[in-house]
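Use these hints to put chains B, C and D with the ligands onto chain A, whose structure you have.
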Amino acid sequence: MAQVTLVEACRLAALQEMRRDPRVWVLGEDVARGGLFGQYRGFLEEFGDQRVVSTPISESTIMGAGLGAALVGTRPIIEMRIFDFVMCAMDELVNQIAKIRYMFGGQARPAVVVRMPHGIWRNSAAQHSQTLESWFTHIPGVVVAVPATPADAAGLLVAAIRSDDPVLFFDPKNLFPVKGEVAETIAPIPFGQARRMREGSDLTIVTWSATVPAVEEAAGILAARGISADVLDLRTLWPWDEASVCASVARTRRLLVVHEAVTTGGFGAEVLARVVERLGPGAVRAAGRLGQPRVPVPFAPPLEDALKPDAPKVVAAAEALLKA
Amino acid sequence: MAQVTLVEACRLAALQEMRRDPRVWVLGEDVARGGLFGQYRGFLEEFGDQRVVSTPISESTIMGAGLGAALVGTRPIIEMRIFDFVMCAMDELVNQIAKIRYMFGGQARPAVVVRMPHGIWRNSAAQHSQTLESWFTHIPGVVVAVPATPADAAGLLVAAIRSDDPVLFFDPKNLFPVKGEVAETIAPIPFGQARRMREGSDLTIVTWSATVPAVEEAAGILAARGISADVLDLRTLWPWDEASVCASVARTRRLLVVHEAVTTGGFGAEVLARVVERLGPGAVRAAGRLGQPRVPVPFAPPLEDALKPDAPKVVAAAEALLKA
Amino acid sequence: MSGDNRARLVALYGTMCRIRAFEETALAAHRAGEIPGPLHVSIGQEAVAAGVCLNLRTDDRITSNHRGHGHALAKGAGVAGMMEELFGRAGGHCRGKGGSMHIADFSVGMLGANGVVAGGIPIAVGAAQGLRMLGSSAIVCCFFGDGAINRGPFLEGLNWAALYRLPVLFVCEDNGVAAFTRAESVTAGPGVLARSEALGVPALSVDGNDAAAVDDAAARLVAEVRGGSGPRLLHAITYRLMGHTSTDPAAWRETGEVEAARSHEPLPRLRARLLAEGMPARALDAIEGDARAEMSQARGSALSAPWPDPATAWDDVQDNGAMTDDAWPFGAQETV
Amino acid sequence: MSGDNRARLVALYGTMCRIRAFEETALAAHRAGEIPGPLHVSIGQEAVAAGVCLNLRTDDRITSNHRGHGHALAKGAGVAGMMEELFGRAGGHCRGKGGSMHIADFSVGMLGANGVVAGGIPIAVGAAQGLRMLGSSAIVCCFFGDGAINRGPFLEGLNWAALYRLPVLFVCEDNGVAAFTRAESVTAGPGVLARSEALGVPALSVDGNDAAAVDDAAARLVAEVRGGSGPRLLHAITYRLMGHTSTDPAAWRETGEVEAARSHEPLPRLRARLLAEGMPARALDAIEGDARAEMSQARGSALSAPWPDPATAWDDVQDNGAMTDDAWPFGAQETV
Ligand SMILES: Cc1ncc(C[n+]2csc(CCOP(=O)(O)OP(=O)(O)O)c2C)c(N)n1
Ligand SMILES: Cc1ncc(C[n+]2csc(CCOP(=O)(O)OP(=O)(O)O)c2C)c(N)n1
Ligand SMILES: [Mg+2]
Ligand SMILES: [Mg+2]
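Residue numbers (our numbering), protein chains in the order written: chain A, 1 to 324; chain B, 1 to 324; chain C, 1 to 336; chain D, 1 to 336.
A few of these clues could be false.
Stated by the list, open to error - Short derived list, chain C residues pointing at chain A, Cβ under 8 Å:
#1 R95
#2 G98
#3 F106
#4 A124
#5 L134
#6 P153
#7 D248
Unchecked claim - Computed spacing ranges between beta-carbons, pair by pair:
#8 G176/C x E259/D: 52 to 60 Å
#9 R196/A x G33/C: 27 to 35 Å
#10 E217/A x G38/B: 44 to 52 Å
#11 A250/B x S201/A: 26 to 34 Å
#12 R122/B x G227/D: 31 to 39 Å
#13 E242/B x G33/D: 55 to 63 Å
#14 Q3/B x E257/C: 37 to 45 Å
#15 V10/C x R122/B: 38 to 46 Å
#16 R262/D x E184/A: 53 to 61 Å
These aren't lab readings, by the way, just hints derived from the structure by calculation. Ideal Cβ positions, reconstructed from N, Cα and C, are used throughout, including at glycine.
In isolation and in its complexed conformation, chain A is listed as follows (with noise of 0.2 Å):
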């Protein structure tokens, strides 16, 4: 077991995937030089400028090329860069991607997995933080992956790769340098399955992605207070582990969900109303959200820091909800 970054987690991963299946590809600006991140490093010059293709600045071609490669038979890696040119092609990631299988009569599998790292990193602005993961759990045909630790990322990855849905895989930029250990041969890790990081019996926390950190820190800090928080990690927003989140709500009768994104329409109303439908009002005594408000992310770090999810806000939310 090696302790690799997240981003480094990423590129094994892929290079495993590309060495075991010769119709894996990646496309995207920049991929030949081993893309933004460095996530592709060393990939062309293992695998060809056949198999790692650098492209215009044209997204929506980069989301469509990768649909009617997969149509006939590779299984590309379409690198966004940065989630938020993905509104760039919205057209062919969910009118075509999504529904090409179903409109088809399941003619098609378009079995891509497009990679979009998202979420607020060093003052990008907001043109460059959005985590809008919500988004594609509201559009049938696709699978969300968001993943937080270089295992998690590195298992789900593997099985994206070899899933025949399209997945859209958020890589957690604000998490590319944590480290952690991957195994040598990365086993794909089956979606819908959320991992718990802690257990508890005062209330649920569940969250995702970006703000895995924050509550893992925040738990601690709840600890030695005297509080036991029950953690999930969901590692994949659809399918999603309601049945592991229910359990736990069932037991604790509190449940706080943490999200980067912004609380107003975010995966923590579905949760909340999931669970509140599934066990009934009745059997819990306090649910609530913590996201950002609904504001775009500002440039200055006074501004972000005061709008961006983090322990102490965790450790507030959490504290409130338990004298309801």
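Frame of chain A, contents of chains B, C and D with the ligands only:
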């Protein structure tokens, strides 16, 4: 008061505003020919081709040019023809229009109205039937209007045109032929005020846009069975009338949200989550949502009908909720 | 006239008659309320699909647009599956989930019509890239209208295809109109040829109502594309005899415009040529009659074909996280 | 040399010195940790911004891209507001909400940098359409890089501007590279001039490192645009002396490439010309020195300028449905 169709009500509203304010204009495909649904019939003749601009099939630029024109002080109505084509203009809408005021520290006021006829309509299949209004409640910077009656559509469109905020106006395609009264002079309807469709005490049903008639019909059936529903049409989803919904649920203690959009990740989740957060789960006896399953919209009538929320499904959902 | 050449012309005529008959039958069925949803017919434009596809192999792929019946038929898509799809029946190529705007038949390389203008362009270039990667000698042909050349994917896709020298034949079916707006009123500059060349894709124009001319031009371009010279564009000038959709009377056209166009339409032209070259009228009538009979029979079968079982509405969304009808009686109501 | 002409050259020199000094100061501040976020400098490209903007009026508008400091300065944006914006301070043009990639100064017609490649193109054409509607004689100038010509909005925007004969000057600042990839390796066909002409926008190329040449070319094109002849495109060939962002060493460049480019860079060239035409070195040194002093002073002021009050994070989102900090202590927690 004239009895007019919803699409005619919208035409009259836009007409009134274009007569009132010479800075208002409309751009989009085929608008000089009256628009796909006749919503701009006669505009070219009255206002000329500088204010009624039929454009190329260039959705990115229709959206982006509308923004540019707003930045210099005009007030464009951006006609997107069918909602699904907005996927071709998401960068301009989400990265630019929604963020430009904030990102520029208040220097810009992108006073545009984006009209997007949405929803299931005459077996148009997966690429012409989407209802993704919940996405935009998650995007800071925009108002989301989802009218369902001729009077509301007209009044909200007038408010939208006069608003300095960008307003996303979801024309309900399938309700275009529905008739209702519209005043000679159309007054703006403030955003964020629900319309009470029916008073009741057994449960609260919240809905908007395409499913309003189905809920109306269902409420009648329920009434005949002795169940009295308090029914609210939200009319706008951002801002939305949290206060009225919470007050109603505080009385009835039962909440059903009905929308045409897919249930998972739909705005019903936000309504349910927010009500539970505000009132506390203890104040609610049952809560649930009825939307489409997480499936693309199919073409064939029996398939479309199977998935589409209609009055019998609303009745069944309400009755299930009352048993809880 | 060599036998070979005549056989080609006859094949073209047969395909065109079948397209015309299919669409006239579909129009009648739509008017009779047998076909739901929007229907875009290509009546008057048959020579483009026929002439181009005659030069394609079964393993070549095509992408199409909202007006794609002709492309699908010319590529060899099964008629019964097409007609049933229009009727929304279980036996349709898409099991009733797609309808007219989403006809696809992967078994003959028809990768799908598309409800989004220019939506097929990026798919086509990617398919070509994938085919090359897999070592295939198949090529991709991408059909779109004059309206599509004003959308961004046109620029991106042509640049991309030229850059990677991909085996793609772009076919711009220029019927002079996009929906209800004349092409010239929304298209600046010298036109699609210049745009194509400026993006590194050699292009040529052809009279798209002359099936033999389309066939010749396509033969040349397909040979170049298949030979590894990179992408090419064929600009086929034609005319849409009907409205935009089956319910559009296209009343805004100038008086006499359609009548004038009728005298240039492709079917009588090819018929006249075949007659002049000695083909008996009887033989041509038989081809036409067969086509009509085939389509009318397909209509009858489709009308009595079974509807899809509502339970199939849940199929083919995705494997991971698929919903089923038991999981969704009415939203999430089973649990409240 | 006429006094007028010399005055122009001196003005160009002054603007270029200010841009260079601004960006070198910003780079140093970024390296010192004073500036957060990404920073894209245009060192080596100053002649384009200076030469074009010298021909614009204050009420003319510009749109810019991610590498926009030069455009903003040349258009007259206030330096203090720019520097404070880079530093994320309350006194920035965008109150600290935008940063380097989103500098805007509407008071001088600078409608904003843009974090999305080609994002300024549709905005520019719309602004021109709006201005004409309002009866203004102002024009719009739209700056973008060679990378932007491979995105769809380039085609859509140029077609649109040509179609409606809008008063837009497109400026393609061709530094031969997009991020870490050479332009020629991702751009097919004969180039931006051909693309522009094919879309109905007359275009010309200029040595973008020759400030006087840029000024001349821009003068001609601006006159045409302002005269109502419709849009024009200026292709300015230049070189990016630094990496893509302030932290990119651009190590992949060929040995000697940057050194060779240094000998063509615009500032020494214009300086040599002014010297040759009799301008005293002292005067030029003074201009340069003033620029450095101005920017260094701006850096000092920005560094000690107040941060934005966190409460302002909630301002300027929207009027209807605006949230406030009291409504959001931590999500919706006030009510649970
Ligand atoms: C992106 C997009 N915008 C608008 C439409 C609506 N629409 C459908 S067909 C059409 C006209 C297309 O014209 P053209 O490409 O010339 O094809 P034709 O109908 O003439 O065959 C339009 C505007 C669409 N389907 N997709
Ligand atoms: C739509 C989009 N895709 C990708 C990026 C990432 N990106 C930022 S700058 C850049 C290169 C742009 O090259 P060019 O337009 O030539 O401008 P230059 O940096 O050379 O000034 C890229 C790819 C982006 N900002 N927007
Ligand atoms: Mg056409
Ligand atoms: Mg460049």
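- Task: Sort out which numbered hints this structure fails and list those numbers smallest first.
- Result: 7, 9, 10, 12, 13 and 16
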